[in-house]
Amino acid sequence: MIHCYKLNGYNIVLDVFSGSVHVVDEVAYDAIGMYENNDKETVKSRLLEKYSGRADVTEKEIDELFEDIEELKEKGKLYAPDVYEGKAFDLKNRNTVIKALCLHVAHTCNLNCEYCFASQGKYHGDRALMTLEVGKRALDFLVENSGKRKNLEVDFFGGEPLMNWEVVKEIVRYGRELEKTHNKNFRFTLTTNGVLLNDDVIDFANREMHNVVLSLDGRREIHDRLRKTVNGKGSYDTIVPKFRHFIEKRGDRGYYMRGTFTHNNVDFTNDIFHMADLGFTELSMEPVVCKPDDPYALTEEDLPILFEQYEILAKEMLKRDREGRGFTFYHYMIDLTHGPCIYKRISGCGSGTEYMAVTPWGELYPCHQFVGDEKYSLGNIWDGVKNKEAQQEFKLCNAYAREECRDCWAKLYCSGGCAANSYHATGSITGVYEYGCKLFRKRMECAIMMQIDKAQNG
Amino acid sequence: MKRIQTIETRDLKKSVQTGGCGECQTSCQSACKTSCGVANQQCENSSSEK
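If you read the protein sequences in the order shown, they are chains A and B.
For the first sequence, this note's numbering begins at 1 and goes up steadily by one.
For the second sequence, this note's numbering begins at 1001 and goes up steadily by one.
FYI, nobody ran anything at the bench for these hints, they're computed from the structure.
The structure displayed is predicted, hence computed values, not measured ones.
Backbone N, C-alpha and C define an ideal beta-carbon position, used for all residues, glycine too.
Worth double-checking, as some hints may not be accurate.
Claimed, not checked - Pairwise CB distance ranges, derived in the manner of DEER restraints:
1. A:E67 x B:Q1042: 32 to 40 Å
2. A:W382 x B:Q1042: 18 to 26 Å
3. B:Q1042 x A:E59: 44 to 52 Å
4. B:Q1042 x A:K319: 43 to 51 Å
5. A:D56 x B:Q1042: 36 to 44 Å
6. B:Q1042 x A:K75: 21 to 29 Å
7. B:Q1042 x A:N231: 40 to 48 Å
8. B:Q1042 x A:D237: 31 to 39 Å
What the hints assert, rightly or not - Here are some chain A residues the structure puts well away from chain B; computed CB gaps all over 10 Å:
9. I2
10. N264
11. E311
12. K375
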């Protein structure tokens, strides 16, 4: 399968099953598009007709082009067959250890964001803080179930994790002890709204957290419209100075400024540029996940605007990069030479199998987005996974699990998509959240174009 | 090639043999938390094939 598209002056051909990327001239673009389903003479006559009068499009030239296409075919870089489909389940389940936990250390929050999928931090349940005992047991559970895997990930999540900060610090200290006795490497991350940031948090996080994810939606009026305090005031002026202080002290360690865009700001690139202009360089901006009838839900009419926005973003990033003031965007970070192997591309995020969320009470869920949905309660950190039926559903989730993905060129970039998004959109984790797919494909087209541009222009 | 330039990429077919160590980051643990994408994950195995 190939995917051909034109963007930013480039004619791009993706070969889906080999992962190859080709940038071609317009003649080759047309030829490659026709070559698979037409005989050579037909392709040749169509090219000669379309490019009649062009000195560089002769029979001889086209024959040479056909030779190049055949050479790429032989090398497995063009029209490569799908050799993975029959092995998809086995590829995903080659390793079934747990390697990542999302610790819900606080089911409560000091902001009252309207669009919060976690229902203002409570996940449709009671307010609660995780105890140190539960936190330690969660790390023990992870180590016990991680097999030979050395790198283990633990994200402190909520609600707002800084509302249980002393416990977070103690869990990290406990993790460092476990590393020595069990030959593991914990990568801790922290996702915070920033309200409670202070020097103690900043210094500890900069020492111990592999990555921090800081929630900011962009421009003040956009951010404050939905990210309000419990008293209904905007939070922008409280958090932005703290985030700047945090990042100034963070040095080279990883972080993301992460925003959510909604129907209220379909011109979301202005929010990304605002973050960049504030001095932040590691940026992420996600489409809102909500019910279709929520007032800020993205609409079908928004789609063409969003597509254009993603293109604007890619072009502006290339421009700023050339000017020496570049920034990164999470969804455009793609490493063509050292990206994920086929196992990862088929398996996806690992929710419910190698990745799970832990509630303040020690219950296990397939991921943070399923927390509170009893149907998907998997078990707990003392007894392990008991709901094998639900887990089996997640084991079957892979890039080949959905009929709708059969002809999609992007399936080895998205692995079939987010199970939670599918569930919320269709009622099934193996459904397809088509709106998200459309945005995802656009982002991938932009990301790959940017890699081509960098390869061409150094 | 005159009309086709191939960008250097990882050979996915070869990665059937060399991949699968599982040491890479769980995608949702980084910045997204609301959508799945694996393309932007880095391989942890520095000897993976080109």
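- Broken hints, by number: 2 and 4
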